[in-house]
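Protein chains: 2
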Amino acid sequence: MLGEQNLDHDGAPAEPRHPPVIDKPVLIAEPLLPDLKDLIPLLEGIWERKYVTNHGPLHEQLEAALADHLGVKTAMLFNNATIGLIAALKLFDLPPGSEVITTPMTFAATAHAISWNGLTPVFADILPGTMTLDPAAVEKAITSRTSAILGVHVYGTLCDVDAFARIGASRDIRIIYDAAHAFGATRSGVPVSQFGDASIFSFHATKLFNTLEGGLVATPRESDRKKIYYLRNFGIKNEEEVVEIGINGKMNEVQAAIGLLNLRLVAAEKAKRRRLRNRYIEILGDLDGIQLPAEQPEVENSEQYFPIVIDETRFGRTRDQIYDALKARKVFSRKYFYPICTDFEPYRHLKIVSTRAIPYAEEVKMRVLCLPFHSNVSEDAVSVIHDVMHARP
Amino acid sequence: MLGEQNLDHDGAPAEPRHPPVIDKPVLIAEPLLPDLKDLIPLLEGIWERKYVTNHGPLHEQLEAALADHLGVKTAMLFNNATIGLIAALKLFDLPPGSEVITTPMTFAATAHAISWNGLTPVFADILPGTMTLDPAAVEKAITSRTSAILGVHVYGTLCDVDAFARIGASRDIRIIYDAAHAFGATRSGVPVSQFGDASIFSFHATKLFNTLEGGLVATPRESDRKKIYYLRNFGIKNEEEVVEIGINGKMNEVQAAIGLLNLRLVAAEKAKRRRLRNRYIEILGDLDGIQLPAEQPEVENSEQYFPIVIDETRFGRTRDQIYDALKARKVFSRKYFYPICTDFEPYRHLKIVSTRAIPYAEEVKMRVLCLPFHSNVSEDAVSVIHDVMHARP
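Residue numbers (the numbering used here), protein chains in the order written: chain A, 7 to 399; chain B, 7 to 399.
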């Protein structure tokens, strides 16, 4: 079953080395970068125009291309997703101090963006399986001070968008999605950014589509464009008016140039990752106590991460043991997300609202592991993972 | 007196055209950019390492070079000065809602950074002459809720740092400087970042030293380094601890590469601007009703801007008339700062605390004009400015 073909070249399958030896560390992620030869002419244009930031022509071009690629009315580039998320939360004039319900199973920036807006994060539990925010826990967490729900399409797995749409519609609650992991995801052909009031994508180096650092605020309403534009650029409406307490969220032209070129590479990278996903499912699918990424049949996956959940009682070894065993063979997985937001000093005093006695998030944080997931994960690395996972303890 | 030499070449002085005609618009600022031929090898290194952000080697190199160049213990790069200023204000754990006294004669970001921290901006008047925060007005504005003074070295002109040091020392008040305009300024050889508790520089494209977008938080204490590092990177202390409500303020490697190369160009650009400054003084010095930039004999100027203040009653024409007359001849000056922060919708309800009946800031905002100030301002452009300023109304 193993080693039938090498993923990293197209010729005849190479004879795999047994046991495979990794020379160069295999990282959890690797940035997709365009050919420098393609970038240089774009840089020459920027240098000639001397128009290097403040919504230059490449910035405008990338923004239009992304609106098109993601199938969304309003798509506004940011210098990173955190600043985008901070601005997006500001978009809705949520009452100061009001509560925003979110998941602890996310990167710290999700909670921080709430705090920077003078809002109060409230953590609700996640669902087994998808590891996304549990609508029942959210219902339980809602108070008269709740102004928004900030769901996270964690690992690219979609939140229960229908449940949150119902919750949002029945009360005056905004639904916002941290879509940092969900670039290009769709459900039954509907782009992920069509769900909720706003979706924030990350273009950090570790993401499928990257601009080194970067982000995007997408909303299904053309009418949001103006205010996000102001918020991104210090609240400046025109030469004489500043109408919002804005921020500097501008992406420069060089990063926009890299984005324009990377956008052409996304489809091929995604196809390679899809093959890697299938290889992982092939080598791990028969293991007792290993939960593979949630299947969402109507969802076109963003191919961002490959998380597994290791039930140590059934599997016989813990997540940390697997992490260490892989690391010893130069394959770097990631305990992601561990710790979770409610473990962090600024949020440690907050409980996770759950329908269970012990929140599922507390359980899964000890069990979840993301495997290396990018096109340079060789078949040798897959072999190493196979060997480590199938070794008898 | 005019046209004795052309600033833009080194040969024999060209015969000036009379009246000079500007073919290409002369802008208020132009970004200093390194030769692309020098940048490409650095990009090749980044592409080979695939280490594109998160404190990469060029980032570390630039940070060290800037600490050295600016003569400061702690120098931390940011993706822009606004995010730097937001993080710097967070550094001191100022009580929520406490008051930060600042100048209205500044870019909106100064006030916004206070607001984003959940602090209350209090605007105090500026001094005639230097146009920096007036210590007497600041004293008048201090209440029991004052936690910090945020001075701005506006146009590169230094604040009365001695007065603010005294105020800070006599009370529990932090002194922070928005040094966006003051890159490389010194007083009696002492770097500007040695004054106060923190100084924030801007590396935006319009600044003498630029990284397209960028900024730096500098403090005179080595011990601040760690906390600023955490604040810049989501509050992450290590793989398992998040200790602050941080932000994403990271600069990527490509911008760091541009910064490393631009740093080599700063001295020559500064020398050219110094000559331009002297030319402006030459052609404007004899005009009644024109106030030239404040002289601070002990200060090594940052050569960032050249603001003049036009007293229309003595000069016979208004600032706006001069602006329009220059524009008609393709020379773009800037009404900077006009409007001022207290004119902006988020701060309009706030009064400027002043020792005068009508704050000086209200007066000068109608009179101040920044002339184009960079090495590509030709002698023809200087001639146009001379002609416009000397024309009889």
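Derived by calculation from the structure, the hints in this document are not laboratory data.
There may be inaccurate statements among the hints.
No distinction is drawn between identical chains; accordingly, a pair holds when it is met within one copy or between any pair of copies.
Think about it this way: if two alpha-carbon atoms lie no more than 27 Å apart in a straight line, the pair counts; the simulated DSS-like pairs of lysine-lysine are [said to hold, decoys possible]:
#, residue 1, residue 2
1, K357, K243
2, K341, K232
3, K30, K341
4, K43, K56
5, K146, K56
6, K333, K56
7, K341, K56
8, K243, K341
9, K336, K276
10, K56, K243
Taking the hints in turn, this is what the structure says about them:
1. K357 - K243: Result: close only across copies, 22 Å inter versus 41 Å intra.
2. K341 - K232: between (39 Å within a copy, 25 Å between copies)
3. K30 - K341: within (21 Å within a copy, 57 Å between copies)
4. K43 - K56: The answer is both: 20 Å in one copy and 16 Å across copies each meet 27 Å.
5. K146 - K56: Neither, since 54 Å and 45 Å both go past 27 Å.
6. K333 - K56: The answer is between: 20 Å across copies meets 27 Å, while 46 Å in one copy does not.
7. K341 - K56: between (44 Å within a copy, 22 Å between copies)
8. K243 - K341: between (44 Å within a copy, 16 Å between copies)
9. K336 - K276: Classified as within; 24 Å inside a copy, 50 Å across copies.
10. K56 - K243: For K56 and K243, only the intra-copy Cα distance (24 Å) is at most 27 Å; the inter-copy one is 38 Å.
Comparing the model with each numbered hint stated earlier shows that hint 5 is the single one that does not hold.
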